[in-house]
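**Q** Starting from the known structure of chain P, fit chain F with the ligands onto it as the hints suggest.
Those protein sequence lines, which keep their order, are chains P and F. So in our numbering, spot 61 of the first sequence is number 61, and the numbers just go up one at a time. So in our numbering, spot 1 of the second sequence is number 1, and the numbers just go up one at a time.
In short, the hints are calculated from the structure, not lab data. Hints may be right or wrong, so weigh each one.
[What the hints assert, rightly or not] One-sided and incomplete, this derived list gives chain P residues near chain F with beta-carbon spacing under 7 Å: (1) T190; (2) D191; (3) R212; (4) R214; (5) V220; (6) S221; (7) G224; (8) N225; (9) G228; (10) G233; (11) G237; (12) G292.
[As the list claims (entries may be wrong)] Here are the in silico distance ranges between beta carbons for each label pair: (13) F:V34 x P:L290: 37 to 47 Å; (14) P:A180 x F:Q68: 50 to 60 Å; (15) P:A204 x F:R73: 44 to 54 Å.
C-beta: ideal position from N, C-alpha, C; glycine also.
What follows is the residue order along each chain.
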Amino acid sequence: MSETTQQTGRLIGEPGGGPGPQSSTIGILRGWLGIFARQREATILVVTVVLLLYFGIHDTTSFVSQANAINLFSELAAPIIIIAIGEVMLLICGEIDLSAGFIYCFAPFIMFYLNVYYGVPALLAIILALLSGLVVGFVNGFITVTLGVPSFITTLGTGFILAGLALTLSHAEPKDIPPATVTIGNYLGTDGWAQFIWAVILVAIFHVVLTRTRWGLYTVSTGGNQLGAREAGINVGRIKYGNFMITGVLSALVGLQVAFYTNTIDPLAGQYLPMFYSVTAAVIGGTAMLGGSGTILGAFLGAIALATLIDGFDIEGINANSVQIVFGAAILIAMVANVQLARVRERGRIR
Amino acid sequence: MTAQSQEPGMTEPGGDVLRAEHIAKRFGAVTALVDVNLRLARGEVLGLLGDNGAGKSTLIKIICGFQQPDSGRLVVNGQEVVLKSVDQARALGIDVVYQDLALINQLTVYHNMFLKRERIRWPLLNNRSMRDAARRYLDEMGINIPSVEVPVASLSGGQRQAIAVARSVYSNAKILLLDEPLAAMGAKEAAIILDLVRDLKQRGDVSVIMIAHNYGQVLEICDRVNLLQHGQITLDKPAKDTSVQELNDIVVAEYRRAMEQRQRSA
Ligand SMILES: Nc1ncnc2c1ncn2[C@@H]1O[C@H](COP(=O)(O)OP(=O)(O)O)[C@@H](O)[C@H]1O
Ligand SMILES: [Mg+2]
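If we strip away everything but chain P, and leave its shape as in the complex, we get (with noise of 0.2 Å):
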C-alpha cells in the first residue's frame, strides 16, 4: 500500500519544497519540480505559454507590441485574474458568487455618488466603493451561511438587485469618472500596467494565503470535509463569509480599475462575462467545482489563457462568435482532463 501512495503525496507538496535534512540545491531543485510535478498548474503553464508562441510567431507584428501586451495582460486577463482570485477561495470552500460581475457594475456608481453628490473626498469615495463590495459579500454570506439558501441562487438574487440598482441610481445613464478621483485612478488602472501589476500583486498574497496561512488552510478543509472541518472545531461559517468578502472587495476593485481604464461609469458594464470568464479561468486552472482543492497560480495562467484566446482570435480577425465555440471547447477538454486525472490518481491509490 506504501509505493503507490508515494506519488500522488508530490502532488500537494507547498511550493519550494521544504527541503529537511538535504542540502538547499537539491531543496531548491526539488522545490521547481514540485510546481512542475502538480499536473494540474503544469497543464495550463504549457497551455498558455503554447497560446502566446503561437499568436507571437503567427502574428509577430501586431500581437508583439507594447500596445498589444497592455490589451492582453492589463485591459483583458486583469479583470479576470482579480475576480478569479474570489472565485478560486470561494470554490475551494464549496460556494459560487455569480454577484461578482454585478459588485463590478454597481461599486463605480457608490464612489460617484459620494463624490459628486455628498462631497466626499475622492480617497473616501474609493474606499467606500471598495467597501461596498464587502457589504454585498456580507449579504452574500448571510443568505447562503445563515439562512442556508445556496450560493448559487442567492448571489443570482443579489446579482439582480445591484444590476437593478445601478440602472435605477444611474437613471440608464453611464456617469463621467469625477475629476477628483482622477489621481488616484492612475494608479488603480487608468496607467497601461497598473491593472496587471494589482493582478500580480494579488495574485502573490492570495496565493500565500491559500497555501501557507491558517485562513488557506480552513478553507481547503471547508470545502473539503465540512462535517470533518466543523467536527475539527474550524468555524466554517466564518471561512465562507469571508471568501464572500474578500470575492466583493475584488469584483468592486475591478469594477473601480475598468471605469478608470474606459473612463466612464457604465450601468451595463461587467453583469456575468467577467464571472463567467473567472470561472473558466479558475476551473482550467485546476480548481475543482466540487470544493476541497484548486490553486490561484492555475487561475492566474487560465487567466491569461483566455485573454490570450480572446486577443490572438481579435488580431486575426475571427469574429467573436468562434471565440465562444473555442472556449465552451477550452472550458470541457479541462474538465474533462482534470476529472479522468482525479480517476488515474485514484486508480493508482487502490492497492
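**A** Frame of chain P, contents of chain F with the ligands only:
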C-alpha cells in the same frame, strides 16, 4: 431494565474528572439519549459499549462540545460547564477521535495532525516544525506511513485511523474520547493503539473513554465498562467483575426481547 448502575453522584466527587448527569438528546423524532449518567475517574479507562444506534457517538459529541444536550449537565474537574464549541472543550483538556475521524482528505498528514493547533510563525504556518513533529510522533507510536507529506486520502483506513488517534493523543488532552478507534484496524495497528492507551494509563493523569465492539479488547484494556441501552447506562461494572460472556448475554437477551416485542405487535 437491568439497572445495575451505581448512581454516579454517590462516588466521592473529588476523584472524577468528568461527570455527565441526566443527559438527554433528541434528533426530531429520534430520541438518542434519555437520561445518561456517567462518570470518569482520573487516570481511568472507561469502556463504553452498546448496540449500533444506541447513542454512544451522540454522547461523545456532547462531551467534546460538538453537540449540545437538550437537558442535563456536564461537570468537568468538579465544575459545571456548558460547552458551546469544540474549542471550549479543548480548552478544558477534552479531545476526541470521532467515529468518522474528521480528517480532511485533501490536506497532508501533518496538516491534519495539527488542524486547529497549527504552529505559526506569524503570519505563516510553520510547516517545517509541524512536519518534523508529525514525523516524530508517528515514529514514536510505531505507525508506518510512507511520508507525512502525502494527503490523507492516499492512506488506508487503518492508517487514517492511526493518524486521527495520534492527533488527539499528542494534543496533551487530559480527557480523551475515542469513538471506535479500532474499527478499521488490522491486528497490528489495533495493538499499536491499545499499547498507546496502556501507556496513557501508566501516566495516570490522562482519562479515557473508549467505544469499541470487541468485548475482549475492551475488557483487556479498560478499568470499567458502561453499557448504553435505550438512551441510558444500564450497566456499570469494573472490568474485572464482568466477562465477555456476561456482556454478550446481556446484548443477546436485549435483542431477543426486541424481536419478541416486534412479533407480538405484528
Ligand atoms: N445529527 C443527527 N441527526 C439525526 N439523527 C441522528 C443524528 N446523530 C445521531 N442520530 C440518531 O441518533 C441515534 C444514535 O446515534 P449514534 O449516537 O450515532 O449511535 P451509536 O454511535 O451508538 O451507533 C441513531 O438513531 C441515529 O440515527
Ligand atoms: Mg457511533
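**Q** The structure should be examined with respect to each hint, and the outcome stated for every one.
**A** To see whether the hints hold, each was checked on the structure:
no.	hint	in the structure
1	T190	violated, 32 Å
2	D191	violated, 30 Å
3	R212	holds, 5 Å
4	R214	holds, 6 Å
5	V220	holds, 6 Å
6	S221	holds, 5 Å
7	G224	holds, 4 Å
8	N225	holds, 5 Å
9	G228	holds, 4 Å
10	G233	holds, 4 Å
11	G237	violated, 12 Å
12	G292	holds, 5 Å
13	F:V34 x P:L290: 37 to 47 Å	holds, 39 Å
14	P:A180 x F:Q68: 50 to 60 Å	holds, 54 Å
15	P:A204 x F:R73: 44 to 54 Å	holds, 51 Å
Comparing the model with each earlier hint shows violations of hints 1, 2, 11; every other hint is respected.
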